[in-house]
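S.K.: From first to last, the protein sequence lines stand for chains P and E. Just so you know, we're using this note's numbering here: the first sequence kicks off at 1411 and counts up by one. Just so you know, we're using this note's numbering here: the second sequence kicks off at 260 and counts up by one.
Hint data in this document are derived by calculation from the structure and do not stem from the laboratory. Keep in mind that the hints are not guaranteed to be accurate.
With a straight-line cut-off of 25 Å between C-alpha atoms, the simulated BS3-like cross-links for lysine-lysine are [as the list claims (entries may be wrong)]:
#1 E:K303 <-> P:K1433
#2 P:K1433 <-> P:K1464
#3 P:K1422 <-> E:K303
#4 P:K1429 <-> E:K303
#5 E:K306 <-> P:K1433
Derived coverage of chain P by chain E (criterion: at least 3 residues anywhere in the stretch with Cβ under 8 Å from a Cβ of chain E; other residues may be distant) [as the list claims (entries may be wrong)]:
#6 1460-1473
#7 1513-1526
For glycine and all other residues, C-beta sits at the position ideal for the given N, C-alpha and C.
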Amino acid sequence: QVQLVQSGSELKPPGASVKVSCKASGYTLTSIGINWVRQAPGQGLEWMGWINTKTGNPTYAQDFTGRIVFSLDTSVSTAYLQISSLRAEDTAVYYCARVAVAGIWGNLVYWGQGTLVTVSS
Amino acid sequence: QSALTQPPSASGSPGQSVIISCTGTSSDIGGYNYVSWFQQHPGKAPKLIIYEVTKRPSGVPDRFSGSKSGNTASLTVSGLQTEDEADYYCSSYAGSSNLVFGGGTKLTVL
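Looking at chain E on its own, in the form it has when it is part of the complex (with noise of 0.2 Å):
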């Protein structure tokens, strides 16, 4: 299982949006929609933001969407926060029992 390709790298300043892009293959983001994002500050747990592809669980601000294209998932943060600053990671169902995260994305707010 190959991990899912997300850019090394985004950034955006207070107030504006950002999209991390995360893609995959037609065996995993393409074939399922179980898309899931996660959260990462340093020192930390990750936290889940986004879950099939566009659902939000209890407490996760309306600014975080998440949405997904043929093989191509994306998280847009609106209304960037400094406390958004945090490495984001994209999983996706695999088929099998199986589930592949990306490689994760630093996510600078300037």
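If we strip away everything but chain P, and leave its shape as in the complex, we get (with noise of 0.2 Å):
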């Protein structure tokens, strides 16, 4: 059965960065794309952006350029979420998530469990 699991939560100073990782199993990473999702503390979701895992080509959402970047490693099935130059306004959940069928937008029906990152000195 397809799975989305992610690492663990993160303490981090304001001005570090931070690397969260999705990996996937039951099913071949480069089939399907990797969507990314905030959720600060109380607040509603946010889509970051998502990366082709076919070829490796990010797309990231207007309010997300700059300080973030999706990467992905073939190899052992994981996709990749680096934040730097971390504010306390990034604290929030991140999840990636992936549609059930490539080419469906919104179909996001499989979900990593979340990851939190605290930004606080």
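Two independent chains are provided; combine them into the complex using the hints.
M.R.: Here is the structure:
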């Protein structure tokens, strides 16, 4: 069965970087892209972008362009989200997710369990 | 990309029906039939309950239904049950390989 398993919670000081992983199992990572979604405490869902796992080409949402990078390591079926120059407002739960069928936008049926990133000195 | 507009809250009694709206523009909801709805309980990952405006994933009760008219999509929850109390989010394809979410609606079952 399809599973997305994310790395554990992180506590980082302001200005540091963090790399969140999302390990895919039950299917071939390169067959369907991975989306990333942010949820700040008590706030709504924000789509950060997605990475085409076949080509490695990332698409970043307008509000997230600049300090984030999506990457892949297909040898271990894992997608990554890296955020640099962390600020307090980056404190959030970060989810990876994928659609059921490639090409059907928004059909995000598979989700990771979420990774809490806390930015605090 | 601006977030889609949802009412912050909605409520209904058990057995009643409630409708949650999601308003966008002709560049997102109005332009594509890729509206989805997600249910999220506290501390849990979102769960897809509607995709492509009206379709339900396997296992989602038919009490949940979706529709769209122009730039506004709607989620109808019929026969409200206590377990339906959760946050609900809409999303839409917005062109150029972009997705946008709504701000979320907290559904209270009275």
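S.K.: Tell me, which hint numbers fail for this structure?
M.R.: none
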